[in-house]
Amino acid sequence: MPETPPLDPAATPTASPKLKRYTHDSVDVAELKNMAEEILGVTPFQWQLDAAVAILCGENLILDVGTGCGKSLCFILALLFDQRDIAITVMPLTALMLDQTKDTKIPTLAICQESIKAIGRAKLYEVRAIMT
Numbered sequence: 001m002p003e004t005p006p007l008d009p010a011a012t013p014t015a016s017p018k019l020k021r022y023t024h025d026s027v028d029v030a031e032l033k034n035m036a037e038e039i040l041g042v043t044p045f046q047w048q049l050d051a052a053v054a055i056l057c058g059e060n061l062i063l064d065v066g067t068g069c070g071k072s073l074c075f076i077l078a079l080l081f082d083q084r085d086i087a088i089t090v091m092p093l094t095a096l097m098l099d100q101t102k103d104t105k106i107p108t109l110a111i112c113q114e115s116i117k118a119i120g121r122a123k124l125y126e127v128r129a130i131m132t
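full-length UniProt numbering puts the sequence shown at residues 1 to 132.
Rather than coming from a laboratory, the hints here were simulated on the basis of the structure.
Only true hints are included.
No more than 20 Å apart at the CA atoms, straight line, and that leaves these computed lysine to any residue pairs for SDA-like:
#: 1; residue 1: Lys-71; residue 2: Met-35
#: 2; residue 1: Lys-102; residue 2: Ile-88
#: 3; residue 1: Lys-71; residue 2: Trp-47
#: 4; residue 1: Lys-117; residue 2: Ala-95
#: 5; residue 1: Lys-33; residue 2: Asp-50
#: 6; residue 1: Lys-71; residue 2: Ile-106
#: 7; residue 1: Lys-20; residue 2: Phe-75
#: 8; residue 1: Lys-105; residue 2: Thr-89
#: 9; residue 1: Lys-117; residue 2: Thr-94
#: 10; residue 1: Lys-123; residue 2: Ile-111
#: 11; residue 1: Lys-71; residue 2: Val-29
#: 12; residue 1: Lys-20; residue 2: Ala-87
#: 13; residue 1: Lys-33; residue 2: Leu-80
#: 14; residue 1: Lys-33; residue 2: Thr-23
#: 15; residue 1: Lys-102; residue 2: Gly-120
Let the sequences and hints guide you as you build the complete structure.
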């Protein structure tokens, strides 16, 4: 049996990566702040911008900030650069999750017992398809 020649990487089409890799130098913090003001109607604090940059760069992050101080905004900021980006956030309280999805100005979907009961399991997939 003849030996199969190795694939030529230059001749092999490659799919574009689905995972973006940001670096601290590639994130324009001033642009991120402006986008937050224009899209979300809020001016983020510097610590929120720093946290969003860390998230975009794939760094581990612990925020020790009080309730209602704006931790969730850090994750939302990280989604502003590309409307195709998706973040999965696990929240300990259903009420908090529903409140977060209700009040945000970007496409958001809460998946929990309450949302499944309210719109049905099949509808969740339809809603997600519309959002993307």
